[in-house]
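Residue numbers (numbering that gives the first Met the number 0), protein chains in the order written: chain B, 0 to 364; chain C, 0 to 364; chain V, 0 to 364; chain R, 0 to 364.
Simulated from the structure, these hints should not be mistaken for laboratory data. Worth double-checking, as some hints may not be accurate.
[To be verified] Output of the computed footprint for chain R on chain B, the stretches with three or more beta carbons under 8 Å from beta carbons of chain R:
#1 230-242
#2 286-300
#3 306-312
#4 344-357
Every residue, glycine too, gets a C-beta built ideally from N, C-alpha and C.
4 protein chains.
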Amino acid sequence: MAHPGDVSALERLLVDGKVQARDIVAVIGKTEGNGGVNDFTRGYFTQSLMALLGRHLGEPADVLVKRIPCVLSGGCEGVLTPHYVVLTISDDAHAAAGDAAGNGPALAIGTAMSAPLPAWEVGRLAHIQSVAAAVRTAMERAQITSPGDVHFVQVKCPCITAARAEAAKAQGHTVATADPGRSMALARVAGAFGVALALGEADAAAAVEDAMLRDFSVLSNRASISSGVEVEVNEVIVLGNSTAWSGPLRISHRPMRDALDIGAVVDVLAELGIPAAPQVAAAEAARIAAILVKCEPDRRAQVRGQRHTMLDDTDINAQRHIRGAVGGLVAGVLGDTRIFVSGGAEHQGPDGGGLIAVIAQNSVA
Amino acid sequence: MAHPGDVSALERLLVDGKVQARDIVAVIGKTEGNGGVNDFTRGYFTQSLMALLGRHLGEPADVLVKRIPCVLSGGCEGVLTPHYVVLTISDDAHAAAGDAAGNGPALAIGTAMSAPLPAWEVGRLAHIQSVAAAVRTAMERAQITSPGDVHFVQVKCPCITAARAEAAKAQGHTVATADPGRSMALARVAGAFGVALALGEADAAAAVEDAMLRDFSVLSNRASISSGVEVEVNEVIVLGNSTAWSGPLRISHRPMRDALDIGAVVDVLAELGIPAAPQVAAAEAARIAAILVKCEPDRRAQVRGQRHTMLDDTDINAQRHIRGAVGGLVAGVLGDTRIFVSGGAEHQGPDGGGLIAVIAQNSVA
Amino acid sequence: MAHPGDVSALERLLVDGKVQARDIVAVIGKTEGNGGVNDFTRGYFTQSLMALLGRHLGEPADVLVKRIPCVLSGGCEGVLTPHYVVLTISDDAHAAAGDAAGNGPALAIGTAMSAPLPAWEVGRLAHIQSVAAAVRTAMERAQITSPGDVHFVQVKCPCITAARAEAAKAQGHTVATADPGRSMALARVAGAFGVALALGEADAAAAVEDAMLRDFSVLSNRASISSGVEVEVNEVIVLGNSTAWSGPLRISHRPMRDALDIGAVVDVLAELGIPAAPQVAAAEAARIAAILVKCEPDRRAQVRGQRHTMLDDTDINAQRHIRGAVGGLVAGVLGDTRIFVSGGAEHQGPDGGGLIAVIAQNSVA
Amino acid sequence: MAHPGDVSALERLLVDGKVQARDIVAVIGKTEGNGGVNDFTRGYFTQSLMALLGRHLGEPADVLVKRIPCVLSGGCEGVLTPHYVVLTISDDAHAAAGDAAGNGPALAIGTAMSAPLPAWEVGRLAHIQSVAAAVRTAMERAQITSPGDVHFVQVKCPCITAARAEAAKAQGHTVATADPGRSMALARVAGAFGVALALGEADAAAAVEDAMLRDFSVLSNRASISSGVEVEVNEVIVLGNSTAWSGPLRISHRPMRDALDIGAVVDVLAELGIPAAPQVAAAEAARIAAILVKCEPDRRAQVRGQRHTMLDDTDINAQRHIRGAVGGLVAGVLGDTRIFVSGGAEHQGPDGGGLIAVIAQNSVA
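Take these sequences, add in the hints, and give me the full structure.
So, in structure tokens, the structure goes:
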């Protein structure tokens, strides 16, 4: 896209009939804002997208925005390219499932929206439970029965702006924090704990408020949580593999133990039959449909024993730093800059690291 | 180092006798400023370093600073670690050279300082010629006769601040540009052209003012130029291999064709006998003495056909973006974040790319 | 507004019938982006506004956007409040003009749009002439015959992004500059020169390309030029006083000689009968309809003989610095933070200063 | 000063004998860093200053730094000029005190240093008490017996960096916060509470940890607290008026109720006999020796009922925003940009506002 309001590429696909508007179930993308509380590129894109879909579906934008999750991560640091991935389910998505041709499981998609979350629940237990319930609903819709078949859960959570904090206070409520940046962090943790609960990676006794930003052994290796001012509900997209689905795509994931974990990148590609030695060849790269990465500046101010300066920087937000670095690494392995790299990976993957998921076409036999 | 004024690590080595102050001929480092005109971390480090060396050598700091090049690149974006490399020449540096043991060429070092460059010469032909002359002097001192044996030339050039531009104007001179950021770019190009001239990568007819920031086929694949407010002369460090030297270290380099050129990183390591598949193993990593990288946000606003947003960003300087991305890539291959990554690679390596040089110990047979 | 896509305040006025959509002729506002090339809050607001007006007028947004100038300045540094001023002309705008009641001249408004300006004309002579012609058209529409009765001309000019520069090059054209930030500056100067030509503040021999960013004696004391990626034509709004108009509003202006010129602020208010000693009282403040300010970080790196650091700052754009400072000063005099403060005042008001215009209701006798 | 390491102006005064090195008791200044955790311009200036004083006093810099408070606030946003105020006490400072000539009280200065504060005490009760004790000591040294005669107390407190937090943890201690930015805020509050205790503005029951950043009615109208990585002790400078002192200078102060409180600026000047209508005339401006301002972005995200965007900005730190705005206002009233404006005014002056103090020469009769 040429700018955050540019949905012309999708418009062409719709006009040309290559994509049917009614098949679109979710959108995941990166926009070129700062990725923080005052990043309005996400809202701008969403408004543009929903206006486009509204024209094609004959539904009002404000109805669509409540039905179709549009999860955006702001911040295209370094080589990262603003782009969006459109998830569609065609009529024949289940046609060949379980057929005699012996096709293995294919990419399965399920989405769900929670009820609106008031500012005073953001980043608290009610938030965790709200996300967990939405993830379970999305899994059912994706016809994934075993949590082990889920490879990536994207959640977009509301956060607390200074204005929302004041409004909540005026209504007699306390908020988890009045600091907007911290509220985004807490919202992401609540999302991660919700996913961990739903996928059985943590139990209800562990995924509690008290462990948030404290006990980093409570985590999900498949959760990717964003937070932003532009949403008021938890938007959930579950991606996995299922024999109930057919199609050419498959998904895989790996935790990344730190920001230098090139091994995880190479491994997840290898599992999908895509070699990188050291870079994915152009022919193989064409098979890749989406790269989804979550990362985090190590809280302990070090990477493999050496100091990093991300956390103490007043000029550049720490999440912008880490997205640029990890984006540069993954782009170098892939030879492509269209990567969804989202910061704020608290409790999403190993502490100080994160995770990577790749959706790719099956190789032709 | 813990902060830009911290030279305690070197102080310990000096006190312990592991490094002799008189052997120190140059320092190359990264400090955690913004890397721009108003990055004072470079001056702070230099002041601290020269005060330390002054105490150990009994020479005033203002004399030392004119003798020992201290080339710093500000900006530790992403995972990069503030650090410095101290280049020393010991008494027996030439002892075993050409000996019967059949040792091949070893790392050779030569330094030189130009005369002070007035603000009105910065970024102009006189600047190019000043650098070329200093590089030739440094090569002689390094006892490198063939330009092909030079693998890396680090130059630090003065730039034009708003104040210096005003002062020059008051003295009746015009300056190449009154824009401080642009002056840093022009100074870097002058440096690159000077190196290209000295190494025979370009001829005097090509490396002219008119080609600066226009004809990107005029370049040096071995020049790394920094620019900053804290210097008034061109400081030059030539690094190469020479049979006139002995010692355990050797240097190699590769141009990087773009910000995703992981192949160049793997290749230069391979040439030094260090495999990275996908990451350098800890045992091999211990052999690496220095990683020197130069990179640049592609002027054409694309990397491999995909848009990047670095050049249009009002919040984060484009050089900060690219250092973070390329630093993330190289650190991922190495498994180490102590990398000298310098932005502003105009005419230093292929357009839109840059270069990498590695100094490593020879492997034990 | 609560965010750059929030036009709910205007929507309420339209729904309540307090403003008629068909009366709206122009909008001037400040949005909370960075004010630079990659500030998309302007486009976001414009999209939201035009969608709203489209619903009320039954016209497509892409038609409206070509008819109603929407001039936005990004950047709400310091105390500045995101807000927008809606300029309307009601049916009885000319009713009482020249009546026996002896009302003096009232606020007069005229708008015009130039033809689309290709990237290769941005910041060049063709740009100057395009703006001058549009200003003359807008003056005619405002029924202002004497240039002396014009107090403020707001122009929004297109600029050159990295992508547009590449596209122009691909079509065989050179652009004035490939540097996006510099293109915004040149576009602003072209606009200022166009206004100066139209108002007789400069003649055709002076307002030429060669004087741009060089001869700062060529200027307009009534031009306020913005530049942004979201427009392709020059949008012009002329504001003045005219006896052909009736109504309670009047406009006045003053050049500001530098960023500390509090006298200009107090004087322009005094001319409208509003005392500030030191601050405008609440009752008088209620008469103020709009404050329009243009300012600039002094190129010579000094304010009244003392150094400022705005031009050498790699972390914060110089225009963001100056908007914050001048906004703080004007807001302190007014006791109100809803001020349109726009940076980039090259050739708009005295060099290193800028200008201020105020629209206020006549005081009740 | 030309850059943060430039102490040449003071050097000239020392060399010319206009200032005696032994008379220097404290330095307060603004340096052009970002004012945050990673602002090393403060350390750079301090190192330069102490090296200079060391040469003139024959004392080692590391001794001097523990004796002479050097309180720096980073961040010269907008029009602010990097500068420093050198406080000296000459031999005859008490000569004419209480003399028959009927001179009123004159500026009185007292300084004190606390013991080193470990990271785990930063921002806690022990920190408050440490500051209060140091303020009382400084008052005694200033020969000020009535707290009402104290007009300004500058304190510089240590903060917690990511590295210090890790170190404290390794020693088995918890820290008040691991977030560096928040630690600076807590340190400032501890300092403010300490001053409030010492001056009787609050009592020991009120100025407790629990009230920090919660109960903003606990405050000091005369405290100005900075926090930075470069100090490990609390450095205290008490300024007031006392009949035990003689000399031409006097100090006054006013709380500022918000960022628009131009009235406080005009009032404090008026108390010193300096009119501003609207700006201080040059002749009167020459009497001003120092302007000391403390300010704060209003926590409630509004200034006088209108939204501000400072707290939600990911690109520019909120303290940088407010310093630029309030600096612009005060500079406009003064006609001078050499103003010490420090952010982070939590509990220092009214909530959302701050305070201003002015040191000026008595007018000649």
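### Message
Is the coverage entry for the stretch 306-312 of chain B by chain R consistent with the three-residue Cβ rule at 8 Å?
### Response
Held - the stretch 306-312 of chain B has 5 residues with a Cβ nearer than 8 Å to chain R, which meets the minimum of three.
### Query
Do at least three Cβ atoms from the stretch 286-300 of chain B come closer than 8 Å to Cβ atoms of chain R?
Three-residue rule met by the stretch 286-300 of chain B, so holds; n is 3.
### Message
Under 8 Å between beta-carbons, do enough residues of the stretch 344-357 of chain B, three at least, approach chain R for the coverage claim to hold?
### Response
This one is violated; 0 residues, fewer than the three required, reach chain R with a Cβ under 8 Å.
### Message
Please verify the coverage claim for the stretch 230-242 of chain B: does it have three or more residues whose C-beta sits within 8 Å of some C-beta in chain R?
### Response
violated (count 0)
This entry does not satisfy hints 1, 4, going by the numbered hints stated previously.
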